[in-house]
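Start counting the sequence shown at 1; every next residue gets the next number (the numbering used here).
In silico EDC-like cross-links for lysine to aspartate or glutamate, where the CA-CA straight-line distance does not exceed 20 Å:
1. K196 - D169
2. K57 - D97
3. K319 - D289
Read the hints as simulated data drawn from the structure, not as lab findings. Nothing here was measured: the structure is a model prediction, and the numbers come from that model.
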Amino acid sequence: MKNLIIILIILASCDSKKKTEIYFQEANGIEFNDSLSLEETAIISLNLDNETSFHHKSMKSLEIDNTSYLSFINAYNQHFYLYNLETGELEKKLKLDREGPNGVGHLTIFDHAYLSDSLLLYNTWDANLYILDYQGNLLSKNEILDFSKNSNSVSPEPATMKPIRKVGDYVFIPCSINQYLTDYSNQNSVIRYNLKTQETDYMINLPDNYNQGYWGATFKYKISFDMYGSDLISSFPIDNFIYRYNSAGKYLNKYYVGSKFIKEFEPFKEDINYGVEKDHSVPNQQQGDYSWSNSDYNAVIYDEFRDLFYRVAYIRPKKAELEAGRSITNFSIMILTSNFEKVGEQYFDGLKYHPTMILVSKQGLLMARSDLYKENEELLSFSVFNIAK
Numbered sequence: 001m002k003n004l005i006i007i008l009i010i011l012a013s014c015d016s017k018k019k020t021e022i023y024f025q026e027a028n029g030i031e032f033n034d035s036l037s038l039e040e041t042a043i044i045s046l047n048l049d050n051e052t053s054f055h056h057k058s059m060k061s062l063e064i065d066n067t068s069y070l071s072f073i074n075a076y077n078q079h080f081y082l083y084n085l086e087t088g089e090l091e092k093k094l095k096l097d098r099e100g101p102n103g104v105g106h107l108t109i110f111d112h113a114y115l116s117d118s119l120l121l122y123n124t125w126d127a128n129l130y131i132l133d134y135q136g137n138l139l140s141k142n143e144i145l146d147f148s149k150n151s152n153s154v155s156p157e158p159a160t161m162k163p164i165r166k167v168g169d170y171v172f173i174p175c176s177i178n179q180y181l182t183d184y185s186n187q188n189s190v191i192r193y194n195l196k197t198q199e200t201d202y203m204i205n206l207p208d209n210y211n212q213g214y215w216g217a218t219f220k221y222k223i224s225f226d227m228y229g230s231d232l233i234s235s236f237p238i239d240n241f242i243y244r245y246n247s248a249g250k251y252l253n254k255y256y257v258g259s260k261f262i263k264e265f266e267p268f269k270e271d272i273n274y275g276v277e278k279d280h281s282v283p284n285q286q287q288g289d290y291s292w293s294n295s296d297y298n299a300v301i302y303d304e305f306r307d308l309f310y311r312v313a314y315i316r317p318k319k320a321e322l323e324a325g326r327s328i329t330n331f332s333i334m335i336l337t338s339n340f341e342k343v344g345e346q347y348f349d350g351l352k353y354h355p356t357m358i359l360v361s362k363q364g365l366l367m368a369r370s371d372l373y374k375e376n377e378e379l380l381s382f383s384v385f386n387i388a389k
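Required output: the full structure, derived from the provided sequences and hints.
As structure tokens, then:
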């Protein structure tokens with residue numbers, strides 16, 4: 001009887017720490033119809049002022065009256081910039097007040113959208129959504145989250161590659177986790193805010209992969225999505241599938257789209273409970289090395305001008321490269337049809353093309369050039385890539 005009890009205890013222990021088994025397949029991953037590629041066709045350079053550097057956390061491309069523009073917010077001087085992509089010239093520079101009747105707070109982590117009649121701005125630090133007119137006057141201030149409540153389970157963290165999206169009266173905001181859990185089955189990853197009713201909804205749960213272990217830094221738990229009509233097309237860092245939901249968060253379908261450069265996902269710890277038990281106020285070098293040296297998916301982007309999707313995979317440096325001082329990751333871009341068939345994938349050098357500044361425009365897919373900025377800090381340059389057969 002004693003031996004039987006010991007065996008049952010061992011079996012129970014093994015069952016509670018199951019080996020991670022993430023689904024992989026060759027079709028639409030390693031094996032695919034390699035019929036389209038990205039061909040570099042031009043360089044666009046924007047003239048910078050002496051207060052503006054290369055990297056910007058919130059950058060958008062947009063069309064106004066059939067003219068292509070690029071906008072960003074300079075966190076250093078808290079100004080909004082609007083450039084004409086066809087001339088490379090600055091057309092608008094707007095100061096955003098930190099305090100006072102038109103104040104939007106201190107902008108360090110944030111995102112914006114330049115709309116047809118206003119500027120929409122989400123400030124992560126105070127969890128407020130601001131709407132301003134083109135002169136910087138505050139039209140409305142909307143509280144998305146109340147940080148005084150301990151029930152907040154999401155951390156909204158939009159950026160250039162994971163932007164906020166406005167569709168009708170709704171604003172959709174991508175999120176990461178606010179705290180580690182022992183079960184992510186009901187963990188939401190998107191906030192939907194109704195501008196008319198001022199109601200906040202939570203939608204789109206993390207996929208099952210996140211219950212297979214502890215995956216390290218919170219950016220491994222952060223969703224990326226883009227709009228396809230009124231549907232949300234979403235991607236997660238450690239999941240080969242792309243998911244489709246309607247605007248109310250109802251699951252519609254999923255599609256396998258894997259990178260040929262990612263063969264497996266290894267968790268930092270097999271035991272999911274590690275994230276809850278660990279003291280996250282104490283720096284963990286091993287976790288940092290793991291998080292920055294294990295490849296993952298970063299963004300899914302819809303190209304409305306070509307009716308294609310791009311999925312960006314971060315091909316991160318090996319641990320030895322990381323220890324040698326390389327922090328910038330290389331990346332690949334998968335080309336997908338509107339039916340989510342993979343029809344191409346290309347590898348890019350992250351030291352040449354910046355992996356967090358990739359945008360769709362009418363001209364083509366824009367990739368910011370880190371190397372050209374090092375040569376001339378008065379210019380912010382982008383390579384323009386177009387589809388080639």
